[in-house]
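**Student:** Read off the chains here:
Number of protein chains: 2
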Amino acid sequence: MKNRTLLMIPGPIEFEPAVLSALGAPTTSHTAANFIEAFGQALERLRQVLLSEDGQPFVLAGSGTLAMDAVGANLIEPGDRALVINTGYFGDRYTALLTRYGAQVTQLAAPVGGRPSLDEIEDALKRAAYKLVTLTHVDTSTGVITDVRGVADLAKRYGALSVVDGVCSVAGEELRMSAWGVDVVLTASQKAVGVPPGLALFVVSPRTLQVFKNRKTPVGNYYTDWTHWLPIMQAYEARKSSYFATPAVNLIWALNVSLGQILEEGLQTRFERHRALSAACKAGAAALGLSQVPQKPEWAANTMTALRYPAGVDGGEFLMRAAKAGVYLAGGLHPAIKNEYFRIGHMGATKIGDVLATIGAVEVALVQSDYRIELGSGVSAAQKAFL
Amino acid sequence: MKNRTLLMIPGPIEFEPAVLSALGAPTTSHTAANFIEAFGQALERLRQVLLSEDGQPFVLAGSGTLAMDAVGANLIEPGDRALVINTGYFGDRYTALLTRYGAQVTQLAAPVGGRPSLDEIEDALKRAAYKLVTLTHVDTSTGVITDVRGVADLAKRYGALSVVDGVCSVAGEELRMSAWGVDVVLTASQKAVGVPPGLALFVVSPRTLQVFKNRKTPVGNYYTDWTHWLPIMQAYEARKSSYFATPAVNLIWALNVSLGQILEEGLQTRFERHRALSAACKAGAAALGLSQVPQKPEWAANTMTALRYPAGVDGGEFLMRAAKAGVYLAGGLHPAIKNEYFRIGHMGATKIGDVLATIGAVEVALVQSDYRIELGSGVSAAQKAFL
Chain A
2 MKNRTLLMIP GPIEFEPAVL SALGAPTTSH TAANFIEAFG QALERLRQVL
52 LSEDGQPFVL AGSGTLAMDA VGANLIEPGD RALVINTGYF GDRYTALLTR
102 YGAQVTQLAA PVGGRPSLDE IEDALKRAAY KLVTLTHVDT STGVITDVRG
152 VADLAKRYGA LSVVDGVCSV AGEELRMSAW GVDVVLTASQ KAVGVPPGLA
202 LFVVSPRTLQ VFKNRKTPVG NYYTDWTHWL PIMQAYEARK SSYFATPAVN
252 LIWALNVSLG QILEEGLQTR FERHRALSAA CKAGAAALGL SQVPQKPEWA
302 ANTMTALRYP AGVDGGEFLM RAAKAGVYLA GGLHPAIKNE YFRIGHMGAT
352 KIGDVLATIG AVEVALVQSD YRIELGSGVS AAQKAFL
Chain B
2 MKNRTLLMIP GPIEFEPAVL SALGAPTTSH TAANFIEAFG QALERLRQVL
52 LSEDGQPFVL AGSGTLAMDA VGANLIEPGD RALVINTGYF GDRYTALLTR
102 YGAQVTQLAA PVGGRPSLDE IEDALKRAAY KLVTLTHVDT STGVITDVRG
152 VADLAKRYGA LSVVDGVCSV AGEELRMSAW GVDVVLTASQ KAVGVPPGLA
202 LFVVSPRTLQ VFKNRKTPVG NYYTDWTHWL PIMQAYEARK SSYFATPAVN
252 LIWALNVSLG QILEEGLQTR FERHRALSAA CKAGAAALGL SQVPQKPEWA
302 ANTMTALRYP AGVDGGEFLM RAAKAGVYLA GGLHPAIKNE YFRIGHMGAT
352 KIGDVLATIG AVEVALVQSD YRIELGSGVS AAQKAFL
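Protein chains in written order, with my numbering: chain A, 2 to 388; chain B, 2 to 388.
What the hints contain is simulated information worked out from the structure, not anything from laboratory work.
All values derive from a computational prediction rather than experimental measurement.
If a hint is listed, it holds; no wrong ones were tucked in.
Derived BS3-like pairs: lysine-lysine, alpha-carbon spacing no greater than 30 angstroms straight-line:
id: 1; chain 1: B; residue 1: LYS157; chain 2: B; residue 2: LYS132
id: 2; chain 1: B; residue 1: LYS241; chain 2: A; residue 2: LYS325
id: 3; chain 1: B; residue 1: LYS157; chain 2: B; residue 2: LYS214
id: 4; chain 1: B; residue 1: LYS132; chain 2: B; residue 2: LYS217
id: 5; chain 1: B; residue 1: LYS339; chain 2: A; residue 2: LYS241
id: 6; chain 1: A; residue 1: LYS339; chain 2: B; residue 2: LYS241
id: 7; chain 1: A; residue 1: LYS241; chain 2: B; residue 2: LYS325
id: 8; chain 1: A; residue 1: LYS352; chain 2: A; residue 2: LYS325
id: 9; chain 1: B; residue 1: LYS214; chain 2: B; residue 2: LYS132
id: 10; chain 1: B; residue 1: LYS214; chain 2: A; residue 2: LYS339
id: 11; chain 1: B; residue 1: LYS339; chain 2: A; residue 2: LYS214
id: 12; chain 1: B; residue 1: LYS385; chain 2: B; residue 2: LYS352
id: 13; chain 1: A; residue 1: LYS157; chain 2: A; residue 2: LYS214
id: 14; chain 1: A; residue 1: LYS339; chain 2: A; residue 2: LYS297
id: 15; chain 1: A; residue 1: LYS217; chain 2: B; residue 2: LYS217
Computed footprint of chain A on chain B; a stretch qualifies when at least three of its residues, placed anywhere within it, have a C-beta under 8 angstroms from a C-beta of chain A:
id: 16; segment: 11 to 18
id: 17; segment: 249 to 262
In this text, a Cβ means the ideal position worked out from N, Cα and C, and glycines have one as well.
Modelling step: build the complete structure from the supplied sequences, incorporating the hints.
**Tutor:** Written out as structure tokens, the structure reads:
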């Protein structure tokens, strides 16, 4: 849309026109044949996008936090032990959430920008028997990416379920549920999945469903109780309608369109595109002398970039200047460094032109903030990295 | 939209084109100035639509059941007594939900199509001290409307909070929160509020907020905990952004458009329009010899009509025939009579032409089901009632 400020935050992001058209189309009945087909197809496609062979997909009206809640409430019984691998704000959140449902949580946290090593995680797993290990694939507050494959492997070896918060990763970062033996992946619609906010999504392994079915106590949360939702998801996938709560018809319609686009692009191509866009963005930032929040290059996500302000640059003013230069960026979220950094989202429908516009706007805002750089130096570095 | 099947179920309904356009517009940041203004305005307008002077509005991503959950989880502490006035499926649901959070629930249920009298409710209130009384304004499963004013009055007299499930009533049925002393009204977006499904909405009185603040135990549900949401709602209404979970940007944008249209029509005019459309629909049905599920005319809602099939008419085939004749109707939902009746929604954007098309389609489907009526007799009765 002409003259619109480009949305380059780590969710919500820019969405494809076909997805927005589907969202704004006249609503049909949640029991109409064409909607049943779209919902059933969306469930199948969600499983495919997660590269899961036999997982059970769920689509609920709600935010990504609701997806975290649905997984925590349904898997935790009072007294269960959970190991939370904490790489930022959303690790803190999962600790609070699991504790609410009665879990005894052990946190394994790294300093901001870091991540616990596999050795540290294995040591923790040796010391106690955990029912589940939670891991944030990409923590939106720090831009740190974790080693999902390595952690899922350890979890399996020590008899724990691996629960991956993929809110800022699914459909952008490589994530192979079946091949890597991941038990749960949860996400939200508004990031690389490419649909405006309002859907909580998750896929759970048969082993996880069995753990759920073996519960001895009722789920401590009414709305998200899988007892209600499992028959609904199974019915729609079998192309029948069934009622628990009114599905978010328009959002599900849009979800099906977006998942179709993702599969059409091809997951491998999509993962590589995200790596290339990320490399361009990070090269541009580096050329401007900006340092990343993640402490090592290999710990930095491909769906987003978290960058520290240079000394003397006021964050609030910088963000306003970037918006005036055409691009919405996000401020800090991690409480420890909230005012010291900003975040760029580059996922889903993002194209190289969007990244160049973003680096260009960052340059303008930096110059206006009296930070000395050569205009165009970031953009050209991004271009070179992309070519 | 030309050649589209008209959606005349009790939610989701037909939506206004301007609302759908807002929903499908490119997404902006949840911290952008124009979104903060739209969200703040939507909160103010929600309070106005509920005719509340001092209530606290909440807008969450989720379904109407999530709104029920948010109210139940935040107000109930283990051992609290709740009185559920049960007029259908959603009364059963509230009993299950409140029990989940530890409430000792007393149900006051009427036979299907009936409703407990104010005398019976007062008798129940005399027998025990209840923390809250829940009431379904219009139970979507039966089409029964309850006396919110009378029950709120009794609840106040006996020191209980009155909690009204207004999912199938808000912005269609007369409901005056402050004047009637109602403590909580909860609803969803996809009925008379006029926005595709995906938003849980509620407004709570200052007294209710005080009861929440006096809790001695933590809320047994993470996502809906008002501790998280209250500062967010207060921030957006004060035209600042604040983060707990990503708001459903596009749906909130659409909500603000729809609430604006509702206030522009005027609430009194809107209540009267719903009464007139309902009278036309019910007159048409009566002329065809169809009887309503509600046992008395004054117990029947204005937002929907629940009608029993004549003897010999197969429900499944009838609904398919009605859809082929251009109108989606809903089957039964109440388990006791599920296959014996169908439901028509006439709320929100519904116009008299939609009601006439609906009665016309019902006539066609009845004739095709070998039920003898004179074609046009229902439609003309509806027209007469409307004129």
